[in-house]
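Student: Chains X and W, in that order, are what the protein sequence lines are.
The letter at position 93 of the first sequence is residue 93 when you use our numbering, and the numbering goes up by one with no holes.
Take any residue in the second sequence, count from 1 to its spot, add 1000: that is its number in our numbering.
Just so you know, not all the hints are guaranteed correct.
Label pairs and their calculated CB-CB ranges [as the list claims (entries may be wrong)]:
(1) W:I1060 with X:I26: 27 to 35 Å
(2) W:E1020 with X:S27: 34 to 42 Å
(3) W:N1008 with X:T38: 15 to 23 Å
Okay, the calculated bits of chain X under chain W, using three or more residues with CB under 8 Å as the criterion [as the list claims (entries may be wrong)]:
(4) 40-51
(5) 105-114
Note that these hints are calculated values from the structure, not bench results.
Ideal Cβ positions, reconstructed from N, Cα and C, are used throughout, including at glycine.
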Amino acid sequence: DTGVSQNPRHKITKRGQNVTFRCDPISEHNRLYWYRQTLGQGPEFLTYFQNEAQLEKSRLLSDRFSAERPKGSFSTLEIQRTEQGDSAMYLCASSSDRVVETQYFGPGTRLLVL
Amino acid sequence: AQSVSQHNHHVILSEAASLELGCNYSYGGTVNLFWYVQYPGQHLQLLLKYFSGDPLVKGIKGFEAEFIKSKFSFNLRKPSVQWSDTAEYFCAVDESYIPTFGRGTSLIVHP
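Assemble the whole structure, with the sequences as input and the hints as a guide.
Tutor: Structure, rendered in structure tokens:
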């Protein structure tokens, strides 16, 4: 299967700890997106990359959040000093700019901050 | 800022009933429009999309959506639902590569 993969699928952490999530996009896709989804809501855009360049960041992305895509392939999303309000599903999606904006989503990483 | 409204948060239907899910957006410029579906235990996947041309768009599994620019709407329809259509449905609007999603509609279809 060559879909979008995310690891870990679940993460439980204590408030104040740092966590890092990984996303592996579909190999030929040069755009990669991160979203956050809470219960009863749709995905909220966090940030996106075109190859290794981070082109847009939402105001939702506080200074505690950082995302990287160093070689234009996989990406990591780190949350420092986690808070209970960070508990959510973190989704990754990728797309090719040859077919405008059909995004392919991964299964998500569910974060629970105790 | 862009906003997307899905008016029906929960819909319960019997098999063979017709379905229409509402979606309205706030931006008046050129946008790309999408419906995504999330089946139980699965991840989000594209149902259909509109970029330009014919405002009536056909997607997978017998779904269709109509873009009405004057009403800022992109409603999803299916003439006869099946039990397997039970899922969460999300409308999304894309402006300059930044998508905004609605909060979703949970559809339950009784066999």
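Student: Name the hints, by number, that the structure is in violation of.
Tutor: Structure breaks hint 1 only.
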